[in-house]
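> One letter stands for each residue in the lines below.
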Amino acid sequence: MLLGAGAARSDKADAPLGYSLREVAQEAGLEFVQVCGGDKSKKYILETTGSGVAWIDYDNDGWLDIFFVNGSHLNTQPPGPAPSNKLLHNNRDGTFTDVTAKAGLTRSGWGQGVCIGDYDNDGFDDIFVSYWGSDVLYHNNGDGTFTDVSHRSGVAGDASRWSSGCAFVDYDRDGKLDLLVTHYVKFSLQTAKDPGSNPYCIYRGLSVNCGPRGLMGETSTLYHNNGDGTFSDVSVKSGIGAPSGYFGLGVLVADFDNDGWPDIYVASDSTPSLLFLNNHDGTFREEGTLRGVAFSEEGMEQAGMGVSAADYDRDGWLDLLKTNFSDETVNLYHNDGKAAFTNASEAAGLNKYTHFVGWGCGFFDPDNDGLLDILYVNGHVYPELERLHADTTYREPCVLYRNVGGYFQDVSQLAGSAITKPATGRGCAFGDYNNDGCVDVLINNQNARPSLLKVKQENQNHWITLKLEGRKSNRSAIGARVKCRAGSLVQIDEVRSGGSYLSQNDLRIHFGLAQENNIDLIEVSWPSGIVDQFCNVMVDRFVHIEEGGRLAMMSKPV
Amino acid sequence: MMRSRPHTRPRQHASPLSRRGVLWLSLSLIASVCAGWAQSLPVPADQAASKIEAGIALLRSHQLHPAKDAFSAGLTINPRSVDALTWRGITENQLEEYKEALRDFDSALRIDPDALPAHYNLALSLIKLGQTDAAIKNLEVVVKAQPAVAEAQYNLAILLESKQALSQAVEHLQAAYQAQPEDNVVNQHLMLDLLLLGRENEAQASLEKFLQAATPDSLQQSGAALLAAGCFKQAVLLFEAEQARAPDNRSVGLLLARAYIGAQEDHKAIGLLETLPQGDEDVEYLRGLAYAATGASEEAESAFQHAARINPRSARAFYQLGLLESAVPAQQSEAIQHLEMATQLDPGNAAYEVVLARILLEHDQVSEAASLLRRVRTGGPESAERNLLLGIAEVSQGNAAGALPKLEESVTQNPKLALSHNMLGFCYFAQGAYAKAAEAYRDASNISPETLIFAHNAAIAFERSDNLDQAMVYAKRAAALNAGGEDHYVFGKLLAKTGRRDEAIRELKQAIALSPDLEASYYLLARIYMQLNEAEQAAAWSAKLTELKQKHERAYVASKRQGDPLASTLLQGARLNAAEVGNP
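Chain order of the listed sequences is A and B.
For the first sequence, counting from 1, position 223 maps to 223 in my numbering; every step adds exactly one.
For the second sequence, counting from 1, position 458 maps to 1016 in my numbering; every step adds exactly one.
Bound conformation, chain A alone:
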């Protein structure tokens, strides 16, 4: 399982990263400040969760644009425009331009998460934004503008509800993207309790915002795409809505048991996380506890914020990463096969940090060596703690682990200030924004400017980036499974909506290929059931694959 981890550990112990990481948000022109209530103290839990961020190629020019979700103020709005979500267009030169107003995406509110998918299969990716309040579905008009179709489509939800993580998923494989939205906690400003007002509002002796324990938990909502621009709530019918009383945050869709049908994982704060396994008949069964992904290794509830899936040890099964609260470590659940998981955090070396509150996270391959590394962002929820506890800070650094063969080395220091500079990280999305073959990282810091971590390759490793387009399957190809074999390197991944923390990664699939200079096989298993295979694919290319066997290669996207 661990790919000769022992030898690999010592071989790569002090090896250079093979890439550099630089924070370039300002020079990229990312003019955005996330607002989420107070910064020096937080009266309510609403001010703690931050917002997500999405990579989206909304204009199909092959270059990733950015959609930032924004929150709001608790008290009186200070002078100036109200905080709004933002859409930033990629100028293809490393900079971005604010096109929010032009796109019709200006909106204020307590924005939470974002997920991307072409729900109407018109060739343009649409945007769903979850809120504390009514959720919003934006239809991409294909001309650089969007239309709010929330109510018309039936996914606005209850205006009093707190939605969090979301993901488009074709759960019934009918070729149309459905939508999963999870919910955090029942919360109302009218009835919310003040810090310290009851024992649930005390942390380490400090009066802090209340919850989530002590507040009423929630369920998740599954919307079925009717194919006519509308959705139907099938939460109960599907079984998704059956478990209740939990505090859902991160949502992750992946085929964990390799049966060709998407499963759904909901990371839940302070309550057991949930694994909904697809029964192939429009229903799901929840088996998180039995399959070992609900709790810590000791069977204890953990926080559960950000989630990511990847086959980190290249055994052909998608594994699961989840971030947690301070005094907990991240979970690395190794898929032993058929969605039976073992907590491998300790064995994989991921149990080093116990002081951070983790949020957005992901597997990615910045050095293109074919081994997926891990990055997660951190930031505490109680700024008040800084005043009294020396071992805890509100602003926390990111953590970067290098995969050395199933075992992970902490290379945070090696990566430099882009990683180690403390911040209030929340949403985090991975994508190659400058199309140089290296996956970059975008972070939506709470109550602060974002961070854009630009990865620049410093080795000779090869790579391939795949843009999939469904025909019989949903147009975004969400749920498509790709296997890439290059020499002895065999990797899998899926096109995925949602994930990380309330965020959306680049829908393209990227594989690092180490020194392999030819791809022997790319195999795409589409949600429709069609399987396409392509042999002898060139490396260091952007490849566009259409369902049915069409492949086009580009050195750069057009």
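In case anyone wonders, no lab produced these hints; they're calculated from the structure.
Computed, partial: chain B to chain A, Cβ under 8 Å:
id, residue
1, G990
2, E1021
3, A1078
Label pairs and their calculated CB-CB ranges:
id, chain 1, residue 1, chain 2, residue 2, range
4, B, Q1089, A, M538, 41 to 47 Å
5, A, T191, B, R1058, 51 to 57 Å
6, B, P1074, A, K338, 30 to 36 Å
Covered stretches of chain A, going by a simulated chain B footprint (3 or more residues, C-beta under 8 Å):
id, region
7, 279-293
8, 352-361
Quantities reported herein were computed from a predicted structural model and do not represent experimental measurements.
Built from N, CA and C at the ideal position, the CB exists for glycine as well.
We have chain A already, so just place chain B on it with the hints.
Frame of chain A; chain B shown alone:
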């Protein structure tokens, strides 16, 4: 968490070579010229010999420099004269020119390796130069050739005593005693060494003879030596015999009482102390010690209080009082007060300061304890405990990194202090250095294998550092120590990780039997059955887990409802103002 440990003190001996011995060496060699050893020094028959004779005469009349010159003149005439070299060396020893003397004796022995006077006097030079081992070798040559020379045997025995080679010392003392049975000093040393070796039967004859001739000083000296070495039973023998001779002797009575206490014959001590004149601080103090040893805390406390009243400057009485009070929850402030008095009355007493610091730490007076510990100056056995407590103080203040150097020093100073290893492990663990933590916890557990927490910690740390083999060793040890469910769970978890599922199930069921509220056991059982494809069992245990969690949740909610909200440390219930909200 903290336990008091007995302190051992180094043994005290008479100086390696008594003043008497030194004096003997210088004069006896002169005498030996005239007596038995004169045969080994042939009468010089030439001019060199006449110079030597002249030098000897000058030496006798204490004209040391002229004597040296005479021997040097002899060497000028005959550079290979062993006698001249030896006599000049003797003179140089008298002049305290030990390096020069050593050179002359070495030269003499190069010419004649069997020259016993040269060996003997070389030993003296070597002793003065601190080369005890070499001195011993030279004396051994002498006694081997001349076993009947009591002084050589005696001095060799003294040197061997200084090296703690008591058995060998006894041999030479016995030889010296045989040669000179009337020598009381030889007898005293022989008696002491035999007693220290636990050879009471053999010591009996020496003891009786010693007591016949012993002066109060020599008795006290011998008894003190035995007490200091912790040979309490032997000291009892000595003092009982003396007390039988002089029952009204207060000093002997006190020493005997002290010896009884050390030998754990506390009731005898109490009985004896009652016969001694009362109103005496020494008597009350010893009575307190005796009562404390029998567990009669009230009587002990009363005795120490009485001792302190008799002598308000009796630091030891306050110290003992404080120790007794520290064991009573209601008397903690008195304990601290009395220990503080002890340290004030006897400043620089590291033992008192360390104990006070420990009590302060136990009562969460961390900064006071740390401040006190930093002032403690000791190079003795308290050093390790001082550094351990300093480390604990740092850890209590959330500074595990700062505690590390102190704890590492403690471990170096006393590798057998298990708690130091354990605390070191804690600090490493807090930093995420699990492999180092595991080693430290392992050391603690190996020093004190009966301590559950050490074994438990080692198991956890080894598991965290992915060393399952070692983790199993310590988990098994912990589980075997009449542990509760948690340690059976840990062992079971490790068995499961190593694929020994049947054994894991057994341990987990045992864990549940011992600790039915331990959720982790149910969870792991469900997981194992799932891995074994026993879906029914898996579901059953999963259901039990859910039921247990619901029960715990109800209890948790109920406890939260009953508890008073803690007073806000920051907001004090006040409304937030704009500065507090801190809008960007």
